[in-house]
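These protein sequences, in sequence, are chains A and B.
Under our numbering, residue 321 is the last one in the first sequence; the count climbs by one each step, no gaps.
Under our numbering, residue 321 is the last one in the second sequence; the count climbs by one each step, no gaps.
Derived from the structure by calculation, the hints contain no laboratory data.
On a predicted model such as this, the values are computed, not experimentally measured, just so you know.
Take these hints with a grain of salt, some might be off.
For chains that are exact copies, the list does not tell them apart, and a pair is met inside one copy or across any two.
What the hints assert, rightly or not - Only pairs whose alpha carbons sit at most 30 Å apart, straight line, appear in this in silico DSBU-like list of lysine-lysine:
| # | residue 1 | residue 2 |
| --- | --- | --- |
| 1 | K273 | K118 |
| 2 | K28 | K279 |
| 3 | K33 | K200 |
| 4 | K28 | K273 |
| 5 | K56 | K200 |
| 6 | K28 | K241 |
| 7 | K111 | K131 |
| 8 | K307 | K28 |
| 9 | K56 | K273 |
| 10 | K223 | K56 |
| 11 | K28 | K274 |
| 12 | K131 | K307 |
| 13 | K223 | K118 |
| 14 | K279 | K111 |
| 15 | K223 | K200 |
Protein chains: 2
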Amino acid sequence: MLEGFAASMSSLIDTTENPRVLKLKDAPIKNKVGVVTGGGSGHKPAFIGYIGKNLCDAVAVGEIFSSPPAQMFYDAFKAADAGSGVACLYGNYAGDNMNVAMAIEMAKDDGIVVKTVVANDDVPSAPKDRRENRRGVAGEVLMWKVGGARAAMGGSLDEVINAAQKAIDNTRSVGIGLSPCTIPEVGHPNFQIEAGKMEVGIGHHGEPGMEVADLEPARKMAQRMIDIIIPDLPFVEKDDVVVLISGLGSTPPSELFIFFNDVKRILDEKKISVFKSYIGNYFTSLEMCGITLTMMKVDDELKKCIAYPCESWGLTQF
Amino acid sequence: MLEGFAASMSSLIDTTENPRVLKLKDAPIKNKVGVVTGGGSGHKPAFIGYIGKNLCDAVAVGEIFSSPPAQMFYDAFKAADAGSGVACLYGNYAGDNMNVAMAIEMAKDDGIVVKTVVANDDVPSAPKDRRENRRGVAGEVLMWKVGGARAAMGGSLDEVINAAQKAIDNTRSVGIGLSPCTIPEVGHPNFQIEAGKMEVGIGHHGEPGMEVADLEPARKMAQRMIDIIIPDLPFVEKDDVVVLISGLGSTPPSELFIFFNDVKRILDEKKISVFKSYIGNYFTSLEMCGITLTMMKVDDELKKCIAYPCESWGLTQF
């Protein structure tokens with residue numbers, strides 16, 4: 004898979020000595036903070052689809068739904084560092100936390116300074132007073148977009164980290180699953196969702212959500228999901244927001260646009276303004292059917308970072 | 004769905020008086036040939052995902068898997084025509100042929116000159132000596148890319164038509180389906196593929212293929228699909244080709260890259276050189292699982308058109 008990816012993106016992407024680490028062809032880029040991420044496979048475009056210009060410089064690739072070992076993160080740090088330090092922007096999972104921490108220790112011996120932002124945008128995965136326990140989900144895409152842009156603009160390591168941290172602090176997500184997925188090695192779904200039911204708050208690996216509810220039309224799902232994330236930040240009247248809606252794998256894009264139309268109507272009523280929307284498959288779970296809604300409140304700095312051009316397999320914008 | 008799409012893409016896309024016709028915000032563009040397409044829904048990004056800069060100017064939108072009526076094509080012609088004529092680049096389906104022909108008659112009364120290219124890249128849908136009976140499938144994306152670029156470069160209507168015709172004449176496709184899809188109004192799949200089997204040569208609406216075979220690993224599927232399309236053009240040693248691999252909806256992108264890696268290996272052996280590859284969901288069939296392989300032989304003109312920048316929901320390249 005990685006060989007095919009690197010071959011098809013050969014004008015932009017390079018392999019490295021570590022077959023589980025891919026990097027931007029130009030990386031490490033002189034006088035630029037390196038941006039690194041990594042995680043388990045099965046979430047494409049995440050993570051390798053966000054290696055690109057003004058996005059991530061290098062990515063550590065794990066097995067399906069499983070963290071890359073410390074060595075992969077360490078090698079990704081080395082592939083991305085040009086002496087200005089590395090911003091490791093990743094999601095809050097036990098394996099990733101452990102492996103990133105070990106990789107940072109390894110990088111210290113080489114004099115590579117690594118700072119981290121740990122995405123925890125998934126509201127249903129823990130109560131608000133235990134935000135540090137929440138998982139990172141599709142909001143990671145906005146964290147990479149912001150961190151990648153801030154680095155490309157010449158930001159220092161602290162400036163990149165602060166922008167990416169602000170991005171994720173201002174971001175909330177929730178997912179609903181309609182059907183499960185199958186890890187190829189296992190050969191059957193690792194969880195079930197009954198026909199006519201939906202799992203509200205499902206995680207990106209099929210982690211159980213907050214509730215199993217009867218299947219609803221898009222407008223009711225939109226209301227339900229907005230009711231979960233809006234009070235949590237909270238998003239309020241006159242806020243400008245970025246909306247990211249991702250299919251989980253097998254959701255037809257037409258349904259994503261039906262859903263967005265309902266989200267937009269509710270936000271209009273609340274006088275919350277959509278600065279930019281990303282609708283598509285941005286962070287998937289193999290062939291799971293379902294949808295995630297992510298909202299990020301944006302100030303001038305975040306708007307500038309979101310509007311910045313970028314080029315990668317998963318996200319290209321002028 | 005269309006309202007949601009137009010709202011999310013409001014910097015690029017406009018609605019028109021006809022709710023089933025969307026257009027590029029800038030269209031009609033002075034001194035540029037208008038590029039129009041249209042077809043049934045359920046194939047996203049096709050068709051509306053290719054309205055964009057240097058791609059299509061306007062699109063007629065049908066119900067799911069069903070041609071837009073003549074009025075839609077006619078209104079799309081009007082939305083795209085700036086007096087330089089309209090290139091209507093669409094796929095070979097009975098309904099579309101009939102409705103486009105009627106729309107051209109209607110446009111004649113307004114003095115709008117419309118010429119057509121009818122995509123027929125799907126090799127398994129008819130024998131080589133009845134190429135005019137073959138359906139258009141994912142090769143349409145390359146036809147729009149080439150026609151859109153040629154129009155943006157200032158080509159006359161005949162130059163745009165000739166380039167798009169050359170693109171599709173040089174293009175061959177084949178699809179394999181692993182699981183069916185459900186038209187929402189019907190509520191159950193309109194065909195079945197047994198577990199452990201695959202439908203070789205499946206159409207974009209589940210049309211039966213040439214053979215039901217036992218499920219194979221990617222490398223065997225790649226060999227089988229290349230063996231179907233290579234002799235048909237034929238593609239030969241020293242050819243430069245564009246490869247487009249599309250999932251049919253629910254195929255995890257990781258599997259598309261595994262498949263591309265096998266295709267690339269076989270093409271390397273045949274000394275056929277990949278000028279550019281497009282791997283992703285470019286032309287889907289709701290949530291069908293499966294894959295299509297499209298190859299286009301490229302000369303200097305086609306290479307220039309393929310390399311030309313473009314911006315749309317379905318395809319953005321610098």
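Verification of the supplied hints:
In this assembly of identical chains, the alpha carbons of K273 and K118 never lie at most 30 Å apart, being 37 Å within a copy and 48 Å across copies at closest. Within a single copy, K28 and K279 get their C-alpha atoms as close as 29 Å, and across copies as close as 17 Å, so both meet the 30 Å cut-off. When the C-alpha separation of K33 and K200 is checked against a cutoff of 30 Å, the pair qualifies neither within a copy, at 52 Å, nor between copies, at 52 Å. Proximity of K28 and K273 under a CA criterion of 30 Å is satisfied inter-copy only: 27 Å between copies versus 44 Å inside one chain copy.
For the homomeric pair K56 and K200, neither the shortest alpha-carbon distance inside one copy (41 Å) nor that between copies (41 Å) is at most 30 Å. Taking CA atoms no more than 30 Å apart as the test, K28 paired with K241 passes between copies only; the shortest distance there is 27 Å, against 41 Å inside one copy. In this homomeric assembly, K111 and K131 never come within 30 Å of each other (Cα to Cα): the closest approach is 34 Å inside a single copy and 64 Å across copies. In this assembly of identical chains, the alpha carbons of K307 and K28 lie at most 30 Å apart whether taken from the same copy (25 Å) or from different copies (23 Å).
In this assembly of identical chains, the alpha carbons of K56 and K273 never lie at most 30 Å apart, being 36 Å within a copy and 33 Å across copies at closest. Within a single copy, K223 and K56 get their C-alpha atoms no closer than 38 Å, and across copies no closer than 35 Å, so neither meets the 30 Å cut-off. Taking the shortest Cα distances, K28 and K274 sit within 30 Å of each other only across copies (25 Å), while inside one copy they are farther apart (43 Å). For a Cα distance limit of 30 Å, the shortest separation of K131 from K307 inside one copy, 29 Å, qualifies, whereas the shortest one across copies, 53 Å, does not.
Neither within a single protomer nor between protomers do K223 and K118 lie at most 30 Å apart by alpha-carbon distance, with minima of 41 Å and 45 Å respectively. Taking CA atoms no more than 30 Å apart as the test, K279 paired with K111 passes in neither setting, with 39 Å inside one copy and 40 Å between copies. Taking CA atoms no more than 30 Å apart as the test, K223 paired with K200 passes inside one copy only; the shortest distance there is 14 Å, against 38 Å between copies.
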